[in-house]
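**Student:** Listed below, chain by chain, are the residues.
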Amino acid sequence: MSERAAEISPADDEQDDDQITDSAAPDAVTEDGTASDAETATDPVTTGAESVVRALENAGVECAFGVQGGAIMPVYDALYDSDIRHVTMAHEQGAAHAADAYGIVSGEPGVCLATSGPGATNLVTGIADADMDSDPLLALTGQVPTEFVGNDAFQETDTTGVTTPITKDNSFASDSDRVGSDVSEAFALAGAGRPGPTLVDLPKDITKGETDQEPDDPKVPDTYQVQERADTEIVEAAAERIENAARPVMLLGGGVIKGEASEACREFAIEHEIPVITTMPGIGAFPEDHELSLEMAGMHGTGYANMAITHCDTLIGIGTRFDDRLTGGIETFAPDAELIHVDIDPAEISKNIHADYPLVGDAETVVEQLADAVDESPDATKWRAQCQQWKSDYSMAYDAPKDEPVQPEFVVEALDEATSDRAIVTTGVGQHQMWACQYWTYTEPRTWVSSHGLGTMGYGLPSAIGARIAADDDQEVVCIDGDGSFLMTLQGLSVAVREELDITVAVLNNEYIGMVRQWQDAFFDGRHSASDYGWMPEFDKLAEAFGAEGFRIDDYDDVAETIDAAIAYDGPSVIDVHIDPDANVYPMVPSGGDNGQFALAEDQL
Amino acid sequence: MKRGLEGPEPEERPTPSGRRNKQGIRIDPEVEATHEPRRTVISALVEHEPGVLSDVSGLFSRRQFNIESLTVGPTEDDDRARITIVVEEPDPGIDQVEKQLRKLVPVISVRELEPDAMRRELALIKVDATDPAQVNAVAEMYDAETVDSSPETATIEVTGARPKIEAAVETFSQFGIREISRTGTTALARGTDRTAAAESTAQPADEANHGDNYQTADDD
Numbered sequence: 000m001s002e003r004a005a006e007i008s009p010a011d012d013e014q015d016d017d018q019i020t021d022s023a024a025p026d027a028v029t030e031d032g033t034a035s036d037a038e039t040a041t042d043p044v045t046t047g048a049e050s051v052v053r054a055l056e057n058a059g060v061e062c063a064f065g066v067q068g069g070a071i072m073p074v075y076d077a078l079y080d081s082d083i084r085h086v087t088m089a090h091e092q093g094a095a096h097a098a099d100a101y102g103i104v105s106g107e108p109g110v111c112l113a114t115s116g117p118g119a120t121n122l123v124t125g126i127a128d129a130d131m132d133s134d135p136l137l138a139l140t141g142q143v144p145t146e147f148v149g150n151d152a153f154q155e156t157d158t159t160g161v162t163t164p165i166t167k168d169n170s171f172a173s174d175s176d177r178v179g180s181d182v183s184e185a186f187a188l189a190g191a192g193r194p195g196p197t198l199v200d201l202p203k204d205i206t207k208g209e210t211d212q213e214p215d216d217p218k219v220p221d222t223y224q225v226q227e228r229a230d231t232e233i234v235e236a237a238a239e240r241i242e243n244a245a246r247p248v249m250l251l252g253g254g255v256i257k258g259e260a261s262e263a264c265r266e267f268a269i270e271h272e273i274p275v276i277t278t279m280p281g282i283g284a285f286p287e288d289h290e291l292s293l294e295m296a297g298m299h300g301t302g303y304a305n306m307a308i309t310h311c312d313t314l315i316g317i318g319t320r321f322d323d324r325l326t327g328g329i330e331t332f333a334p335d336a337e338l339i340h341v342d343i344d345p346a347e348i349s350k351n352i353h354a355d356y357p358l359v360g361d362a363e364t365v366v367e368q369l370a371d372a373v374d375e376s377p378d379a380t381k382w383r384a385q386c387q388q389w390k391s392d393y394s395m396a397y398d399a400p401k402d403e404p405v406q407p408e409f410v411v412e413a414l415d416e417a418t419s420d421r422a423i424v425t426t427g428v429g430q431h432q433m434w435a436c437q438y439w440t441y442t443e444p445r446t447w448v449s450s451h452g453l454g455t456m457g458y459g460l461p462s463a464i465g466a467r468i469a470a471d472d473d474q475e476v477v478c479i480d481g482d483g484s485f486l487m488t489l490q491g492l493s494v495a496v497r498e499e500l501d502i503t504v505a506v507l508n509n510e511y512i513g514m515v516r517q518w519q520d521a522f523f524d525g526r527h528s529a530s531d532y533g534w535m536p537e538f539d540k541l542a543e544a545f546g547a548e549g550f551r552i553d554d555y556d557d558v559a560e561t562i563d564a565a566i567a568y569d570g571p572s573v574i575d576v577h578i579d580p581d582a583n584v585y586p587m588v589p590s591g592g593d594n595g596q597f598a599l600a601e602d603q604l
Numbered sequence: 000m001k002r003g004l005e006g007p008e009p010e011e012r013p014t015p016s017g018r019r020n021k022q023g024i025r026i027d028p029e030v031e032a033t034h035e036p037r038r039t040v041i042s043a044l045v046e047h048e049p050g051v052l053s054d055v056s057g058l059f060s061r062r063q064f065n066i067e068s069l070t071v072g073p074t075e076d077d078d079r080a081r082i083t084i085v086v087e088e089p090d091p092g093i094d095q096v097e098k099q100l101r102k103l104v105p106v107i108s109v110r111e112l113e114p115d116a117m118r119r120e121l122a123l124i125k126v127d128a129t130d131p132a133q134v135n136a137v138a139e140m141y142d143a144e145t146v147d148s149s150p151e152t153a154t155i156e157v158t159g160a161r162p163k164i165e166a167a168v169e170t171f172s173q174f175g176i177r178e179i180s181r182t183g184t185t186a187l188a189r190g191t192d193r194t195a196a197a198e199s200t201a202q203p204a205d206e207a208n209h210g211d212n213y214q215t216a217d218d219d
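So the sequences go chain by chain: A and B. Here the first sequence is numbered in numbering that gives the first Met the number 0, starting from 0 and rising by one per residue. Here the second sequence is numbered in numbering that gives the first Met the number 0, starting from 0 and rising by one per residue.
Isolated chain B, as found in the complex:
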């Protein structure tokens, strides 16, 4: 406090011309470059063992990755489960999500799905059944099924890509929605393209699709 070291003062020192943005990327000082977040689906094949879901969800919360939904279920192989995660992050963040996921020992492979991948979620929507005919008509519109009905309520099951579910929820709201339960997105790559194979080395985010079009050709 009373002393210090000798040497030129800060203002007497040369300063370089360049600059980096908050993501550590060198940028033109004249231009403010930011990466806008985009929404994407990441699929991870994992060992089907206790604790793996908490490993994955814990990773997301402690690294502050912005997670939209997370689903998990068994696969064709009894020893393996598939976790489907929808995230909304800028590209460097998506890249980190994949790399950090891949570091977890029970994780076998990770990849970001192409925009044309099949994505589905399921929703159960319980509405007031004051006008059953009208409810049925709307359900038909969305290829939905009435799975429970009572004098006062009807519960409809609807599956599809997220925009369809959102639209269905909005349309059903005219009847008065009592409760909704949704599963979050599950997804598979199209055709012979493997979603997440054991030997797959997932591509880095900057090679993967950058389109922000979440809707797919197969949204019904």
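Same shape as in the complex, but just chain A:
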């Protein structure tokens, strides 16, 4: 870092003599043996942009994802002198997804940067994705200079206006002295309470403007208040309900993972022997190889999870917003169940499903409160036996005859087999995503990275990039993608190659927008309007054109060996897996249907 600073300083016309002396100073200071990090921290800021970067450093940001451009240039110029790693993405959408995944895996807000206008609008899909999934994300966007704002200047967009509905909060920086603190506050807000995306729009004159104001420490505004502990009386009442339950079920959502409550939930479920279901974002909150696990419920959840959720009499929902893909039709969702709902966001209580026991608070804290309040385990031996019976009645078994095309379920299981328990899976959106949910056995939180609420095709590869950077070195990162989804953001391969990221992409290639094809077969008389992708490139060759390693699977004999080779390859690799083009995802609850009436085959739809 200091090398770069030394190179650039003399050539930088805008710096006056004092500043050149300043940047030369660290070299002189080293004679007393102090670490260069300490010196960086004491360099006073001179511009709004430096204050922005200082705010990120103070917040502990280690990596940011973005694309350079006109209006954001002052910030990038300040980043040049920072220890923060910047990953240049091939498209801003990828920057937002990468930062989003970084936030999911690390638990700290991911940071993305873009310039004004098209840069900012390209971030929009990724910001909306983070908003729907409550992922902590900070977006910094360049803006035209304040005097041009509102004049339809070159590359101007009303970015705060565009992103208001999809951010937790956003702001327009209007003061060089305050801009660093604006960024600090936005960072703190992104991770506080219910996480979500925040955005600061940075006009070029504000970031270029002179200031000696150091940013404030990251702190949420006073008007943002989060309740940590739930109301004791309701906790007691809920505990009593649990003790008296005959058919209890715990439903763990993404909030369990975000609230670091997985351990508390595991202990609670195991101590009281309560069957556990997860939502899709909750995957990893409870080990799927545990006897009490019924895995995921909802549209493509397991039959046993959907039977259990439909027939339970006490539903303990934690950190879930009861999305329609989980509930199916409201009228038939857990119709006999009293709902105990734990959520940090009061607005989620009784939004979709009425909560009989509303417990507003931090998931971990409230589960511990519940654990203290429940003295006796519910008497549910019969219920647990019933759940096990459903597990065998509706098992997730599939046929894989050698003379037929490769079944996608087999490939997902083979990938799981070839990797460790801590391996991280990222996906795009579509059939492949559902197979990745159903046939991979997740045991750890923060190992499942996917686009849930927004359902963003193209999420897989850029999120694998963000996940890779946030993950530990010994964690494999596997992107299970679909051909249609991969095609939307595969320019990210250039990033993976440049940054030498060890990622394995398995493209489950059926030459269809498979989920659409499945719905067309079921609900549109098999009319494959615009879902037939018979013009797919050869992804293995395409990977090689980018400088990645390419593999191809056509039949069962290749699967294990090819997967091992791709996982072993130290760098980005792409496996073009030619799967059975007719394979569909079951079980399936039709949109708005009754979870207990899930279809096991097309003729049941």
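If you're looking for bench data, these hints aren't it; they were derived computationally from the structure. Hints may contain errors.
[As the list claims (entries may be wrong)] Just a few of them, taken from the derived set where beta-carbon distance is under 10 Å, the chain B residues facing chain A:
#, residue
1, R18
2, S53
3, D54
4, G57
5, T70
6, K163
For each residue, glycine too, the CB sits at the ideal point set by N, CA and C.
Once you have looked at the hints, place chain B on chain A.
**Tutor:** Frame of chain A; chain B shown alone:
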């Protein structure tokens, strides 16, 4: 499509007896329970900063809350503004309006006002002035003031609760109304009751008044 999973067919599976209504509330399957919409006034104290009104109005439109009127103006504190919103929703909807509003970062406090709160709106009504004496007589009836007159028109300012304004508009219509401009309702809680204080934790809708009587004791 050609295959599926093994297991009992949908019709062979047991189904539970209960049911929920469209608002997710468990109901007796024999009884159809619906929450009728009611009209109420919600008051929000917000940071007086650019964009806050668009944050609030945007929230209402994207969440499809049925909004009747929205007024905003400064308060005794220069840094704060008060937004008064009249909504018509079933109770779960009113509850959501309050909770979603409270989530906005610049919003300091939110509450639903009691039915006896003071509610006022202002209307300017421009009518044909063919019979000025008659217009004045009607204006007097409503404590209204003539704020502009020309040989052909008279413009009357009337303030009061909404039913009074509606009645005034109806009565003035006999003269031929040319134009009307109305402000929408602004409101304050009665007596020492704070309308929306910074430290107030607004009560949930089900504790608040459920009466559908919009008219108040102080309707003049």
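**Student:** If any of the earlier hints don't hold here, list their numbers in rising order.
**Tutor:** 5 and 6
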